[in-house]
Each structure stands twice: as C-alpha cells, then as structure tokens.
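K.L.:
Here is what each chain is made of, one letter per residue.
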Amino acid sequence: MFTALFVMTGIALVLGAGLGFAAIKFKVEGDPLVDKIDAILPQTQCGQCGFPGCRPYATAIAGGEAEINQCPPGGEEGIRKLADLLGREFKPLSEEHGVEKPKSVAIIDENTCIGCTLCIQACPVDAIVGAAKQMHTIVAAECTGCELCLAPCPVDCITMEPIAETVDTWKWRYPVFQIAPAALGTARQEA
Amino acid sequence: MLRKLFKFHGGVKPQTNKERSTTAPIAAVPLPDRLVIPLHQAVGGHPRPLVQPGDRVFKGQRIGGADGNLSSAVHASTSGLVRDVAPAVMPHTSGLTTLSVIIEPDGEDRWGELDKVNYRSTPPDELRDFLRDAGVVGLGGAVFPSYLKLKPGKEGKLKTLVINGAECEPFITCDDMLMRERAGDMLKGILAMRHMLQAEEVLIGIEDNKPQAVAAVQAAIAASGQSGIEAVAIPTRYPAGGAKQLIRVLTGIEVPHGRRSTDFGVQCFNVGTAFSIYEALELGRPLISRLVTVAGNVDAPRNYDVLIGTPMDHLVRLAGPRADTDRYIMGGPMMGVRLPAFDVPVVKATNCILVGSEAMFPAPAPEMPCIRCGECAKACPADLAPFELYWFSRSKNFGKAQEYHLFDCIECGCCSFVCPSHIPLVDYYRFSKSEIWAREREKEAADAARDRFEFKNHRQEREKLEKAEKLAAKAAATREKVAADGATAPAAGSDAAPAAKPAPDAAKRALIEAAMEKARQQKAQAAPRNTEQLSPDVQAEIADIEARREIVAKPAASPLPPQDA
Ligand code: SF4
Ligand code: SF4
Ligand code: SF4
Ligand code: SF4
Numbered sequence: 001m002f003t004a005l006f007v008m009t010g011i012a013l014v015l016g017a018g019l020g021f022a023a024i025k026f027k028v029e030g031d032p033l034v035d036k037i038d039a040i041l042p043q044t045q046c047g048q049c050g051f052p053g054c055r056p057y058a059t060a061i062a063g064g065e066a067e068i069n070q071c072p073p074g075g076e077e078g079i080r081k082l083a084d085l086l087g088r089e090f091k092p093l094s095e096e097h098g099v100e101k102p103k104s105v106a107i108i109d110e111n112t113c114i115g116c117t118l119c120i121q122a123c124p125v126d127a128i129v130g131a132a133k134q135m136h137t138i139v140a141a142e143c144t145g146c147e148l149c150l151a152p153c154p155v156d157c158i159t160m161e162p163i164a165e166t167v168d169t170w171k172w173r174y175p176v177f178q179i180a181p182a183a184l185g186t187a188r189q190e191a
Numbered sequence: 001m002l003r004k005l006f007k008f009h010g011g012v013k014p015q016t017n018k019e020r021s022t023t024a025p026i027a028a029v030p031l032p033d034r035l036v037i038p039l040h041q042a043v044g045g046h047p048r049p050l051v052q053p054g055d056r057v058f059k060g061q062r063i064g065g066a067d068g069n070l071s072s073a074v075h076a077s078t079s080g081l082v083r084d085v086a087p088a089v090m091p092h093t094s095g096l097t098t099l100s101v102i103i104e105p106d107g108e109d110r111w112g113e114l115d116k117v118n119y120r121s122t123p124p125d126e127l128r129d130f131l132r133d134a135g136v137v138g139l140g141g142a143v144f145p146s147y148l149k150l151k152p153g154k155e156g157k158l159k160t161l162v163i164n165g166a167e168c169e170p171f172i173t174c175d176d177m178l179m180r181e182r183a184g185d186m187l188k189g190i191l192a193m194r195h196m197l198q199a200e201e202v203l204i205g206i207e208d209n210k211p212q213a214v215a216a217v218q219a220a221i222a223a224s225g226q227s228g229i230e231a232v233a234i235p236t237r238y239p240a241g242g243a244k245q246l247i248r249v250l251t252g253i254e255v256p257h258g259r260r261s262t263d264f265g266v267q268c269f270n271v272g273t274a275f276s277i278y279e280a281l282e283l284g285r286p287l288i289s290r291l292v293t294v295a296g297n298v299d300a301p302r303n304y305d306v307l308i309g310t311p312m313d314h315l316v317r318l319a320g321p322r323a324d325t326d327r328y329i330m331g332g333p334m335m336g337v338r339l340p341a342f343d344v345p346v347v348k349a350t351n352c353i354l355v356g357s358e359a360m361f362p363a364p365a366p367e368m369p370c371i372r373c374g375e376c377a378k379a380c381p382a383d384l385a386p387f388e389l390y391w392f393s394r395s396k397n398f399g400k401a402q403e404y405h406l407f408d409c410i411e412c413g414c415c416s417f418v419c420p421s422h423i424p425l426v427d428y429y430r431f432s433k434s435e436i437w438a439r440e441r442e443k444e445a446a447d448a449a450r451d452r453f454e455f456k457n458h459r460q461e462r463e464k465l466e467k468a469e470k471l472a473a474k475a476a477a478t479r480e481k482v483a484a485d486g487a488t489a490p491a492a493g494s495d496a497a498p499a500a501k502p503a504p505d506a507a508k509r510a511l512i513e514a515a516m517e518k519a520r521q522q523k524a525q526a527a528p529r530n531t532e533q534l535s536p537d538v539q540a541e542i543a544d545i546e547a548r549r550e551i552v553a554k555p556a557a558s559p560l561p562p563q564d565a
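So the protein sequences, as listed, match chains A and B. Just so we're aligned: the first sequence equals residues 1 to 191 in the UniProt record's numbering. Just so we're aligned: the second sequence equals residues 1 to 565 in the UniProt record's numbering.
This is chain A alone, in the form it adopts within the complex (with noise of 0.2 Å):
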C-alpha cells in the first residue's frame, strides 16, 4: 500500500515539477493586444505621452486608461493607425503632449562637454557613449531623437539637428503635384 503512495505522490511531483517548468519556459510575454498597439508606437521612448516609455503607454491605451492620441513622435499617422486597429474614432494630435517635429538627432559639442554623464544616464536607448570625465558622443544611428538628454546637460552642449534627406532616403512624391525640380523649373519659365 505504501508502494502505491509511494509511486502516486512520485508521479504527481515529476508532474507538477513539468508543469512548473513548461509554464516559466514557454510564458506568454504580456498581452497581444499591447504588442500590437506597441508595434504602432514610434519607440521613440520620449515619455511625452504621460508615460515612462512607449510601452506602458500601451499598456494605458489597451485598458483604456489613455487617448489614442497622446504620442507626439508618432503623428497623425500612427494616430490613424491606432484607431483603425482599435476601432476607435481618429483624433487630431492632444496639444497638451506636444506637436508633432521632424525627425531628429541630438548633437553633443563634444568641446564644451564635460563628461559628467548625466545625459548618458537619460537616454533611453544608450545612444550616448563615454566614461566620467571623458567627452561624450552620440551614436546618431541609435539616437531616437527623444530629446531626454537636453535637460539634464549642466553646460548645455546638445542640441537638436533634424535628420537631413538623403538619396538614400528620398521619397517621390505623391504624383499629384507634378515633380518639377527647382532649377529647371525656373529654366522653363524663363523659356
């Protein structure tokens, strides 16, 4: 009789100890509906929308807790996206949170910088790279353009450059304004 106790409480440990397993290896990381609301948001990681970080933010938006509209970086697009994904009726951008700008990266006068590290503890992303009391740079390629690390610069070195246009980056137009390139185009007046 003790054989079969024995054998059944072994079973049921192998068991549980499975499942106990299984459920931290294959966890399900958060909610679906915050992913995809996550995947619309610019990562920009600016905290404009009232939140620490995009994903909170969507977190907020998938309880219902915020606007659709509150994230800045994201624009009129990714507003209209939110609310095609949601159902919800598109809103102009919340004043209060900000307006949207052009992209942009932050510059550090890398002659007045001086290495105090507080921007580098700002940023979110670990854009910025440098040691105490060493002149800090920005890693442009990583740099979302939140504008976290203007703040706490004690000598004001960073400032905010917009991205430029490459041909690389180029877009045509949409083709209802006839693309007429500026130098020509006054040849063509001229003519």
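Hints were generated in silico from the structure; no laboratory data involved. You may find that some hints are simply not true.
Below, in silico cross-link-like pairs of lysine-lysine (DSSO-like), each with a Cα-Cα straight-line distance of 30 Å or less [said to hold, decoys possible]:
hint: 1; chain 1: A; residue 1: 171; chain 2: B; residue 2: 149
hint: 2; chain 1: B; residue 1: 396; chain 2: A; residue 2: 171
hint: 3; chain 1: A; residue 1: 81; chain 2: B; residue 2: 4
hint: 4; chain 1: B; residue 1: 396; chain 2: B; residue 2: 433
hint: 5; chain 1: B; residue 1: 149; chain 2: B; residue 2: 4
hint: 6; chain 1: B; residue 1: 443; chain 2: A; residue 2: 36
hint: 7; chain 1: A; residue 1: 101; chain 2: B; residue 2: 443
hint: 8; chain 1: A; residue 1: 101; chain 2: A; residue 2: 36
hint: 9; chain 1: A; residue 1: 81; chain 2: B; residue 2: 456
hint: 10; chain 1: A; residue 1: 103; chain 2: B; residue 2: 456
Far from chain A, by Cβ distances over 12 Å, these chain B residues were calculated [as the list claims (entries may be wrong)]:
hint: 11; residue: 40
hint: 12; residue: 151
hint: 13; residue: 417
Yeah, the Cβ is synthetic: ideal placement off N, Cα and C, and Gly gets one too.
Given the coordinates of chain A, assemble chain B with the ligands onto it according to the supplied hints.
P.N.:
Same frame as chain A, now just chain B with the ligands:
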C-alpha cells in the same frame, strides 16, 4: 539552324528614334576643366574617400574604397589635382547632393600603375575582389556591382549566360555602337564571365533593328573560334531588354515572383558590362569611362566615350543643343528620370542624356479617372494588374499594393504609355515603393530602439538589485558586529533571549547616530578659515551664506525620531 524564340507578355512598340545617333562613329570628348566624381554610384554602399583635397591623382587611381558587402570602388578618371572632397548635386531627380571627389585635370591624362590579372589562373574569389576594386558595375542602368553576380550558384556552374544587347529603349544606341565597333574586346569580357560562371552556353540577345551589331558580334564569335556562343536577333519589342523579358525570349524560362534567374541556371549581363570586364581584367583598367548617347533636341545626336565625372553640359555642347532646350533626362523617354540641373556629372548609370524641350516632350494631357479598360494589364510585361496597383498606390493602401506584387514592377512605363486616361502610373508606383521602403526603415529603427530600451531597463533593474544586495550584505555584517559587541556586555543579564530581538533596532539607531555625528563634525570643520581681514562686502556675503547654512543644517541636526520610518 534557327533558334526557337519565345514571347514575353505585353510590351509596346514606341518609335525607336535610333537612326540619327548611329550615323557617326563613337567620338572622344575633350577633357573638361573639372570632373565631379560621386563616391556613391552603384547600388549599395557609400565608398569612403581615399584622397584628400590637394592630393595628386593618376588616371585610374582608386579614390573611393568599397565598404561592406554590397559596394564597389570608384576611381579617378584622369590625372590631376583633387580640388575638393565635398557634397555635390548628383544626377538624380531629387536634386540632392552626395559626397564627391572634384578633380582638376592636369591635361596629361597619365595612367597610374596598372594591375592585370589572368582570369584563367586566378581563383574565382580573388577575381571577384579584383572586379570589386576595379569598380565594375552593371552598365545597363541598374548599376549593380557585377562581382556579386559572378557567382555560379549552388551547383557550381550555370546553364545559360545571357548577354543583354537588346537595347530596347528609344533613342539609346550606346550598346549598338559598342557592339559594332568593339565586338571583339567585348567578346573577351564575355569569355571571362563564362569562365567565372562555368556557363555551358552563352546567348547574346540583340534586337533585330540592329543588324550591323548582330553581324559584328557574329563575325567576332566566328573569328574567336569558340563554340557554344551565339548572337541571337530577337524581335524588336519594348521592353525586350528587361532582364526577365530577355531571359524569357531566349530560353523560354519564366522567372516567377520571388525567385531569381540563377535558381533556373541563368544569369544576365549587359554588353557594356562585358566590355568593362575585359578592360579591367586584360588591360588592368578600372571602370573610369563609358559610352553615352546624346540624343533628342540636339543637331547631331551621337555616341561619346565619356570619362565618369564629366559635367553633362560639357558633353551635350559637343552635340549642338538647340536653343529651346529646357531639360536633360538621364536614360530614355520611357524609363529616364529628369535631372535637377544641367551641370550634373556623367556617372556609371548614365547610358543616355536625352536633351528635351517643351516642343519635343509636351506636358502630358491632364490625368483622367481610370476607366478600367484593362489596356495597361495587356501591356504589362511583368504580368501585373497596373490599374489595381494604381488604385492601391493612390489610396496609399501599401499593404494591398505589395500583395499585388508591386515590387515585381520594373517601371518600364508600358502601362502609362498605353493608358487612354493619361495617368502617370509609374509615378504612382515609384511613390508607393519609396513610401514602403521608408516605412521599413522606420520599423527597423523602432524595433532596434525597443530592444535597446528594454535592455537598458533590464540593466537598471539588475544594477538596482545588485546594489540593494550589496547594501543588505554590508548592513548584515555591521549588525552582526554590533550585536556581538552588545551581546558580550549584557550577556550576563537574566533575560538574554528576549533582549536579542530589539538589538538590531538599537544597533541600527546607534549606527545612524554615529553617522549623523560624523556628518556634524565634518560640517563644523568645513567652516571657512580665511575669515580674517576681509573686505566688508565679502564679510557680509559670508555671513549671508552662513545664515543659509544654518537653515539647511537645522533639519539634519534635529533629533532623530525614536523609530525610523
Ligand atoms: S510619446 Fe510616443 S514615442 Fe514618446 S514615449 Fe510615448 S508612445 Fe513612445
Ligand atoms: S541621445 Fe538624447 S535624444 Fe537621442 S535617444 Fe538618447 S536621450 Fe534621446
Ligand atoms: S489603361 Fe489606364 S484607364 Fe485603362 S485600366 Fe489601365 S489605368 Fe485604367
Ligand atoms: S511600369 Fe510596372 S506595372 Fe507598368 S507595365 Fe511596366 S512593369 Fe507593368
């Protein structure tokens, strides 16, 4: 024996306008006073500059080194002085600038040392590196680095090497003239490619409106005594020179959506590319010049052998542009792009400069609504539904446009050509494509930012945890010490066990008291010492500061509450 040819879907027959520019032989161009050589000329990377302002360069010297996997080198087209390495307007509709090397020719046109290579005895990998550093790219217009296409694929060999001499676009005749005048050397380049690709057969497709070119290439093949190479005259029908279309016509293979021709054992190169491969391997000359057709609104349309970097207006002047010229188009009337200025440089992608005027290319009739007549679908060589693509692009429904294989569109312009409603269809596709690319870039950047943000949060959590653990360990150690100290004294007492419990609290308080005392002492010591013999102003200021210090110090010095919160 006549080869069986196949037909591709759709296509149109625009006026070819090729006769006038083929009457005179290829001409040389006098050296301009300035060459502007953009470093970014091929699909892919942005070569880094290898020269500085003030450097003297030889003809053929490398001035831009290939960076990364998808890039190819750039060379000085003549000997001279590097005036500047700076952004200059490039021949692109956008009118944007790109980093360019500006060379002032010294007039001697002196070559530097030239490395030749024997392709038969060199391993394929080295040959590919050699061609990358010689800057050889596809000269048909796509400017894809050739060395990347010169890999035989999984099986180690290719069935058919297709050489594209179709040149279907109206007005352009540079490939025609190349075949007429340089067929022998071009054939040597083809043989080198055949060797690298281990191709069984070579088919050179030439539209049948170029009988002299066909004859010249056939004569060259006969003279070389090679077998398995054939020059094939194919029916003139735009766009027979599209890679997929030419492969279809010559081999019957239809490369389906999402597949590449190499999956079917076929690879395609332009005749101009073959010639520059000959120059690179057998003469050691990197790609520094190409043939350019100057046609359209000029008195004497003609083909020129042009150094890369030559300003276009310098070149066009030789052909006698008419007074009412108001635009240059790079490429032909079907696929060409209008240029932002007249003095942009000739680059590796420039096969033709089409000089235009209002009278020659009047503005298109206003766009009318699509009547869904289906003419465009009948004409589309890629077998797409252009009117659907148009509809989705117009309404910015990019997901749908992609579903309808927008990226299979080769922008040949057949659909716009036949559309009775004069819709600039290709403009819509270009718009859609660049929007989709931009979105993809944005998405990649956002994903990277998300990862980095999560990583930073994770790191901060971990640091916080580590710090807390360290503190806890330290506190525990001190507590033990204090408890041990305290325990020795009252250990003799009767109720040792219950006293042990409040001990940590007492010990903690003692620690804090000690720290506070230390701080107080430090503060007292920090009093300025040079307070004697100061001016009254400074004295007053010090007094003021002292007063403020008092206020700040007060709460800190106040007695500690009996229980810490
Ligand atoms: S405002 Fe937009 S980009 Fe900024 S943190 Fe909020 S969701 Fe992210
Ligand atoms: S560098 Fe500045 S602007 Fe750029 S992501 Fe970091 S904190 Fe934001
Ligand atoms: S040819 Fe023009 S009008 Fe006819 S279906 Fe195509 S886009 Fe519409
Ligand atoms: S431009 Fe594109 S859609 Fe139009 S006919 Fe050519 S391949 Fe087809």
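K.L.:
Against each hint, give a clear statement of whether it holds in the structure.
P.N.:
Taking the hints in turn, this is what the structure says about them:
Pair hint residue 171 of chain A plus residue 149 of chain B holds up; C-alpha atoms about 28 Å apart against a cutoff of 30 Å. For a cut-off of 30 Å, the pair hint linking residue 396 of chain B to residue 171 of chain A stands: about 14 Å separates their Cα positions. With a CA separation close to 53 Å, the supplied pair residue 81 of chain A and residue 4 of chain B exceeds the 30 Å bound. Between the alpha carbons of residue 396 of chain B and residue 433 of chain B the distance comes to roughly 11 Å, so the proposed pair stays at or under 30 Å and holds.
Between residue 149 of chain B and residue 4 of chain B the alpha-carbon distance is near 27 Å, which keeps this suggested pair within the 30 Å criterion. Distance hint between residue 443 of chain B and residue 36 of chain A is fulfilled; the C-alpha atoms sit about 13 Å from each other, no more than 30 Å. At most 30 Å may separate the alpha-carbon atoms for a hinted pair to count; residue 101 of chain A and residue 443 of chain B meet this at roughly 18 Å. Of the supplied pair hints, the one linking residue 101 of chain A and residue 36 of chain A holds, its CA atoms being roughly 24 Å apart against a limit of 30 Å.
Note on residue 81 of chain A and residue 456 of chain B: the hinted pairing holds, with a Cα-Cα distance of about 28 Å set against a maximum of 30 Å. At roughly 22 Å between alpha-carbon atoms, residue 103 of chain A and residue 456 of chain B fall within 30 Å of each other, so this suggested pair holds. The claim that residue 40 of chain B lies off the interface is violated: its Cβ sits roughly 7 Å from the closest Cβ of chain A, which falls inside the 12 Å cut-off. Chain A leaves residue 151 of chain B outside its interface by the beta-carbon criterion, the shortest separation being 25 Å against a cut-off of 12 Å.
Every C-beta of chain A lies more than 12 Å from that of residue 417 of chain B, the closest at about 16 Å, which supports listing it as non-interface.
Violated hints, listed in ascending order, are 3 and 11; each of the other numbered hints is respected by the structure.
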